[in-house]
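Chains A and B, in that order, are what the protein sequence lines are.
Take 2 as the starting number for the first sequence in the working numbering and just add one per residue.
Take 773 as the starting number for the second sequence in the working numbering and just add one per residue.
If you're looking for bench data, these hints aren't it; they were derived computationally from the structure.
Incorrect hints may appear among the rest.
To be verified - Taking lysine to any residue pairs in the SDA-like style, the calculated list, with each CA pair at most 20 Å apart, reads: (1) B:Lys-795 x B:Gly-784; (2) A:Lys-85 x B:Asn-813; (3) B:Lys-943 x A:Arg-84; (4) B:Lys-943 x A:Val-87; (5) A:Lys-85 x B:Gln-786.
Said to hold, decoys possible - Chain A residues, not near chain B, derived (Cβ > 12 Å throughout): (6) Ser-40; (7) Gly-68; (8) Phe-125; (9) Gly-145; (10) Ile-170; (11) Val-192.
From the three backbone atoms N, C-alpha and C, an ideal C-beta is built for every residue, glycine too.
Chain by chain, the residues:
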Amino acid sequence: MSGFFKSSIGRKVAMALSAFFLMFFLLIHITINLISVFSEDTFNTVSHFMGTNPLIQFGMQPVLIFGVVFHFVLGFVLELKNRKAVGVSYARNNGGANSTWMSRNMVYSGAAILAFIVLHFIDFWIPEINTKYIIGDMSGTMEGVEGFRYYEELKHKFEDPFRVGAYVIAFVFLALHLLHGFTSAFQSMGVTAGRKKGLQNLGKAYSIIIPLGFIFIALYHHFNH
Amino acid sequence: MNLTLKIWRQKGPQDKGRMVDYKVNDISEHMSFLEMMDVLNEQLVNSGDEPVAFDHDCREGICGMCSLYINGQAHGPDRGITTCQLHMRMFNDGDTITIEPFRAKAFPVIKDLVIDRMSFERIQQAGGYISVNTSGNTQDANNIPISKHAADEAMDAAACIGCGACVATCKNSSAMLFVGAKVSQFALLPQGQIEAAERVLNMVAQMDLEGFGNCTNIGACEIECPKGISLDNIARMNRELMKASLK
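All chains should be built: construct the whole structure from the sequences, respecting the hints.
Here it is as structure tokens:
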């Protein structure tokens, strides 16, 4: 089986498996974020649970970080390998005649998402790790805020119109990435995705609804506080 | 019609190569693209120049030799055809047509528009066959029951002529449509299933060794394939390889 993952098809499968994991994670992420629109208290409770539960913090979180790093590192490695396989470029190439922009530019939409993840880590993850594991404050509270601090922090982050703008642009790239990536992952796993209209429609729905949901949440908090 | 042709000229495998402009006049719209190339070569020979080297053989869409990349598309701006089936009526008077060889590291240029596609042959030799002795003891094909669906799919996969348009059009220079078709045509039939695991492992290993790129499921190969080979064959090859690796 180790030989399988060294083959070109094995690497496609590895990309697809990490993509499935990340797409599942996006579902969990948006579910929790949507709670912030409906109930401040529930959002705080869920955030505190996710931020302090040892199984999530020391089990799921490292797996997630590995999944993200694995997906983009393998993606870039395969892109470089593919460019090497091409050799001399065409003087004239009409890519639009037979394929979508999204499918041809996964590396660029992926790079935009990666840039967003870096920003997102600086915004939320690093301060969180600093508070909990460097300062050692696991209470989930802060001065001047009644109850947990998570909702307050969220509100504060989305006050900045430039940050909201960057998030919205990143989610557009996420949609473009998913519009090809969703069905591509299934195809890599051996599913004849081209014949399955239901799967294609599910892919389109997922690729548009999830990023739109994130955009809605960012705009909601920007304009409501 | 009068045309300007921008053609890739390369003296040999070591030459760097360059695009050269030519003018051809009074081209009939009823000519095939290769006939237009013949007119150009006649013109070049008459003026003492080196004719443009390009591959061709059957000129009826079966052999897969004519491997030109025309105006940014493998086999030019039409669907389901090889270059010899492309007609000049697809172009307009005064057009500039760019003609390049199929590009891929695994398809090195031999001269001008002629490329070396032996990498496909080596992939075939790695497993694209069944080890059946057919000398005198062949049984009636109807003795082996095969579903209509499987027979149709195997026939569709076997329609691949190995022209390399899939590789040429793929932004990754991937050969997975070709290999997928060759794996599928046998994997779908009882005669091929006996060696299915060994076949897919060897053919994929050879494909990787030849330096073809990774498929990213763009689907351009399926669109440009003159024989309409479906991406389903790549999915089937992926399944076959997963199955074979688990054995």
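Violations among the numbered hints, reported as their numbers in ascending order
Those not satisfied are hints 1, 2 and 11.
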